[in-house]
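Novice: Residues per chain are reported as follows:
Number of protein chains: 4
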Amino acid sequence: MKDNLFKGVIAYPITPFDDNGQVNIPLFKRLVERLVISGSHAIAPLGSTGVLPYLSDEEKEAVTEATIQQVSGRVPTLVGVSNLTTEKTIYHARFAEKSGATAVMIIPMSYWKLTDDEIVDHYDAVASKISIPIMAYNNPATSGVDMSPALLKRLLEIPNVTMIKESTGDIQRMHHLRKELGEGVAFYNGSNPLALAAFSAGATGWCTAAPNLIPELNIALYNAIQQNDLETAQSLFYQQVDLLKFIVAKGLPRAVKAGLHLLGEDGGTLRSPLKPLTEGETEELKHILLRIPEKSHLDHLFI
Amino acid sequence: MKDNLFKGVIAYPITPFDDNGQVNIPLFKRLVERLVISGSHAIAPLGSTGVLPYLSDEEKEAVTEATIQQVSGRVPTLVGVSNLTTEKTIYHARFAEKSGATAVMIIPMSYWKLTDDEIVDHYDAVASKISIPIMAYNNPATSGVDMSPALLKRLLEIPNVTMIKESTGDIQRMHHLRKELGEGVAFYNGSNPLALAAFSAGATGWCTAAPNLIPELNIALYNAIQQNDLETAQSLFYQQVDLLKFIVAKGLPRAVKAGLHLLGEDGGTLRSPLKPLTEGETEELKHILLRIPEKSHLDHLFI
Amino acid sequence: MKDNLFKGVIAYPITPFDDNGQVNIPLFKRLVERLVISGSHAIAPLGSTGVLPYLSDEEKEAVTEATIQQVSGRVPTLVGVSNLTTEKTIYHARFAEKSGATAVMIIPMSYWKLTDDEIVDHYDAVASKISIPIMAYNNPATSGVDMSPALLKRLLEIPNVTMIKESTGDIQRMHHLRKELGEGVAFYNGSNPLALAAFSAGATGWCTAAPNLIPELNIALYNAIQQNDLETAQSLFYQQVDLLKFIVAKGLPRAVKAGLHLLGEDGGTLRSPLKPLTEGETEELKHILLRIPEKSHLDHLFI
Amino acid sequence: MKDNLFKGVIAYPITPFDDNGQVNIPLFKRLVERLVISGSHAIAPLGSTGVLPYLSDEEKEAVTEATIQQVSGRVPTLVGVSNLTTEKTIYHARFAEKSGATAVMIIPMSYWKLTDDEIVDHYDAVASKISIPIMAYNNPATSGVDMSPALLKRLLEIPNVTMIKESTGDIQRMHHLRKELGEGVAFYNGSNPLALAAFSAGATGWCTAAPNLIPELNIALYNAIQQNDLETAQSLFYQQVDLLKFIVAKGLPRAVKAGLHLLGEDGGTLRSPLKPLTEGETEELKHILLRIPEKSHLDHLFI
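Chains as they are written, first to last, in this note's numbering: chain V, 4 to 306; chain P, 4 to 306; chain Z, 4 to 306; chain D, 4 to 306.
Check before you lean on any hint, since a few could be wrong.
Same chains, same names: a pair is fine if it fits in one copy or spans any two.
To be verified - Taking lysine to any residue and the SDA-like style, the derived pairs with C-alpha atoms no more than 25 Å apart in a straight line are: (1) K248 with Q175; (2) K156 with I222; (3) K182 with G42; (4) K182 with E219; (5) K91 with S59; (6) K32 with V251; (7) K132 with L154; (8) K116 with D173; (9) K289 with T89; (10) K116 with G147; (11) K101 with T145; (12) K101 with S275; (13) K101 with P218; (14) K156 with K248; (15) K132 with E287; (16) K116 with E286; (17) K116 with H264; (18) K116 with T207; (19) K116 with G24; (20) K289 with N23; (21) K101 with N231; (22) K10 with D149; (23) K278 with Y94.
Hints are computed from structural coordinates only; laboratory data are not their basis.
So here's chain V without its partners, still in its complex pose (with noise of 0.2 Å):
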């Protein structure tokens, strides 16, 4: 079996901007610091939340030194380096790993859709150029290709290809990867809305943006998995699917930002062409957050 670091609740931290469309790093540190600090089992800047596509390189690399540095060993850390070019991928993940990164996450970008052949000489560049090991990360809505099990499965013969995170919210699709892949391999979800669905399969963490937001019904969900108790997990799901649901739907950086400075949180600003949620969405947010049992003595921060 392979050796996985990472599991339960695995943060993804949003990417801050300032009033000048700069990246804010002294408030992304501090976004972090809450996402550790609320018992997050892992810290993932550089996602899709954290809009990697939408930064520069020098701006990539102030993020994965700035998270390092904030973690500072607390909890392993898993640094996107996605690219659309091989030759940038390999750039960041040296980069990653250089900087004292415990793994990073590859998606397969692709602009042209990918051949099975073309991904895996994509991986097997990248991983043969770092020593830390690999999650390949299947998300067809974002990457617009998707990776079928027999794919993932050739991935899994690179050495330092250990994990699988899989989004495509079809449950059915990691009943296949456990089958296919067997009980040594670990796969991750990203899709929030199948937290619940997903630890019943079998899935060893789950990625996800909603601690930004919830973060204790997020662990006390994984908490309740690992006691093998499905009524609290069950319950604990439905206090936040809604909540999960909304900020997937609305677009994960958007909706977190509303939802921090509805917890009188700064999340600063978003870069263009994002825009904040409109006044109607904010207030379904609030709403969702006000049904939410932990947060509802929270009413007197909302604006």
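Chains P, Z and D: place on chain V using the hints.
Specialist: Chains P, Z and D only, in chain V's frame:
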């Protein structure tokens, strides 16, 4: 809360034909008896598994009466009475009630995609003509119409529409149902590969043809869920998921009939244009069955 | 090259019902007569427009005989005989032939998705029992099965399967058919909004319910294509496309009946669960008709 | 009516790389020259064919300047300037204008699916910073967002957004555009296999990479349409449709480069992770080219 007469494993018998293409009622009764004595919690004739739409009115009536006679009150019965026209649906629903069915199941068959108002009026017209409960069944793949949670909510306002069967195969739909309809409304899972996820999400029962082949595993899965033992449920699910996927992929009547034959049971013939599984498919099914612990001792039975 | 008995505008009458829900044969004959005298090149009863699947065997027979009697050889007839079971399809195909139909149309109705072999055997079984030609009809939206060009090629090897009707709504499918099947095989377009594109791609005919409402425009479009006058064809198409889209979106029987009423014609009633267009939809249809040059003088007729 | 600077065959050059993975500008200029002298009505660098998203800012600038220098005013130029962020899109649009581009093409790239308001503001921000016309480009397959005809209508209210390129591959969308936007607004087809259907529907131009390989057929098709000769257009279309489908299915940069090589032209290398066609695919392309009348004499050139 509305009373729920059905829970657990709701077993769907196939409708066997003889060599002249006529329904074989004595054989049908034997197949129903197998389902009852193997511990199924209810019997549901004239579903998709029972090739309802391929039968004449007289055949449907004979199957209805044979079921109720054979079950003889040991478990509840849920009789399929769906028809393209409202008039015929009423006719069969009344026949089922008169014959002693516990409840009827109705899917809004739609050659022409029905509007929400047409669907509500259709259920309303049938419901007003019978006193037994109705399970409303959503399965866009066979009915051609996808009933939204909002529409299902409207249907539940009809007094004797008390249960929802959901077969979109999307677990998020079940979360939505639970949140929209409240815990008081029972929902049933009709998608075999979703068995674990649906029970985890709170489904009251599982409508399935699988007990024709692997009743022990189906019932054990339900029991593990009842005992709040997710680990055991997960293990049991992974033992049966390959079979569940196979019978869905190949068509339930074809696959169940082939499986019965492999297990040394008579499943009769199929009605044209349906044809038996190919040799290769039958071989695949045999291997799936042999990998199931409880079936492996049956090796000698297999052809 | 196989002989093609059909070309141009193949008109589909609706099946009208009386106030007791019974088929109104005298009214049906009047509607068929309208189609013939308006210049339609063929008459096709018992299609989707004619709500074939909602009719009893006796009703289908009455409609078949009424069509052939009324048309009286002035144009060819194409009678729908599709049924879920092979036995019933044979029964109705033989009845159509005996009654004098020019050809029959068969779609592989599929409650259980049929395999390619099942479909070939189904057509073969029917074809061997009749001598008149068969039009094989592909419409995954209503039949539940999408026949690939390769499968259609297999069907065309059956001697009296001589024509293909294609209703996927994807123009690229027609290009594929033309390339795969060769210029010798006639293909017919069954997707109304694709009328111009399909004729441009070389379709031999257009299977449509539109001549119930706008026969002049339908036939003029075909004539422009025959005269190799694309500009005129384009202009005529854009005059009718809103109506074509509307009748498809709302369901052909509902929309045609409403349109007949707006034009001062009796279209009878619909069979439950189908209901008439809403007032708003009827108003929308009225405005679409009034924007059509040839109908605008009918303003006084409209309610 | 807004002025349309573009009509006919708008040719997309590939961006060739040298053996070190750098853009080969001299070779690019030769490829542009081929397109101009073969009769293309406009040149459009930095499209999907030109692998825009895989290039650095400096490379985009070099390609822009090389195009304008090489074309030297003989035909208009349409430069792709799309970028995930608004700021970068403005940057490249201004560069294109300053360099002498006739117009720019912008697709709303969307890692995070953009709202309609975000898209309008994005175009508005760019449009306000340049004076040359903008072609708004809808291609959900690559951009991740499908711009509705209603949204496109809003974009056309921005003064220098004057043209629409549509690549959904659905001919009905073009009918809708023509009806919604009126005859005054030019729409361009970006789906190669839809070339005949789109021209039949009234498209002003065809945005295509095919002139890299078969310019004579592409231009002849346009000319036949201009002469209102549908029969000839149909015949010409069926001569080229296999090639059009092939280059789309395999990815334009890969397929064009392979085709150039087969025709004895240098197409340079691809940038990783993109890889050349496999041997089998190249063989398939060779046979497709050899079946095209105008290419069959090139047999001796082929490897």
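Novice: All the hints need checking, so say for each whether the structure fits it.
Specialist: Results for each hint:
{"no.": "1", "hint": "K248 with Q175", "in the structure": "both (19 Å within a copy, 9 Å between copies)"}
{"no.": "2", "hint": "K156 with I222", "in the structure": "neither (30 Å within a copy, 33 Å between copies)"}
{"no.": "3", "hint": "K182 with G42", "in the structure": "neither (31 Å within a copy, 28 Å between copies)"}
{"no.": "4", "hint": "K182 with E219", "in the structure": "between (32 Å within a copy, 21 Å between copies)"}
{"no.": "5", "hint": "K91 with S59", "in the structure": "both (12 Å within a copy, 11 Å between copies)"}
{"no.": "6", "hint": "K32 with V251", "in the structure": "within (24 Å within a copy, 45 Å between copies)"}
{"no.": "7", "hint": "K132 with L154", "in the structure": "within (21 Å within a copy, 45 Å between copies)"}
{"no.": "8", "hint": "K116 with D173", "in the structure": "both (21 Å within a copy, 20 Å between copies)"}
{"no.": "9", "hint": "K289 with T89", "in the structure": "neither (42 Å within a copy, 29 Å between copies)"}
{"no.": "10", "hint": "K116 with G147", "in the structure": "both (6 Å within a copy, 13 Å between copies)"}
{"no.": "11", "hint": "K101 with T145", "in the structure": "neither (28 Å within a copy, 34 Å between copies)"}
{"no.": "12", "hint": "K101 with S275", "in the structure": "between (31 Å within a copy, 23 Å between copies)"}
{"no.": "13", "hint": "K101 with P218", "in the structure": "neither (30 Å within a copy, 51 Å between copies)"}
{"no.": "14", "hint": "K156 with K248", "in the structure": "between (30 Å within a copy, 20 Å between copies)"}
{"no.": "15", "hint": "K132 with E287", "in the structure": "neither (46 Å within a copy, 36 Å between copies)"}
{"no.": "16", "hint": "K116 with E286", "in the structure": "between (39 Å within a copy, 21 Å between copies)"}
{"no.": "17", "hint": "K116 with H264", "in the structure": "between (38 Å within a copy, 22 Å between copies)"}
{"no.": "18", "hint": "K116 with T207", "in the structure": "neither (29 Å within a copy, 29 Å between copies)"}
{"no.": "19", "hint": "K116 with G24", "in the structure": "between (32 Å within a copy, 20 Å between copies)"}
{"no.": "20", "hint": "K289 with N23", "in the structure": "neither (27 Å within a copy, 54 Å between copies)"}
{"no.": "21", "hint": "K101 with N231", "in the structure": "neither (39 Å within a copy, 46 Å between copies)"}
{"no.": "22", "hint": "K10 with D149", "in the structure": "within (24 Å within a copy, 37 Å between copies)"}
{"no.": "23", "hint": "K278 with Y94", "in the structure": "between (30 Å within a copy, 20 Å between copies)"}
Against the hints set out earlier in the document, violations occur for numbers 2, 3, 9, 11, 13, 15, 18, 20 and 21.
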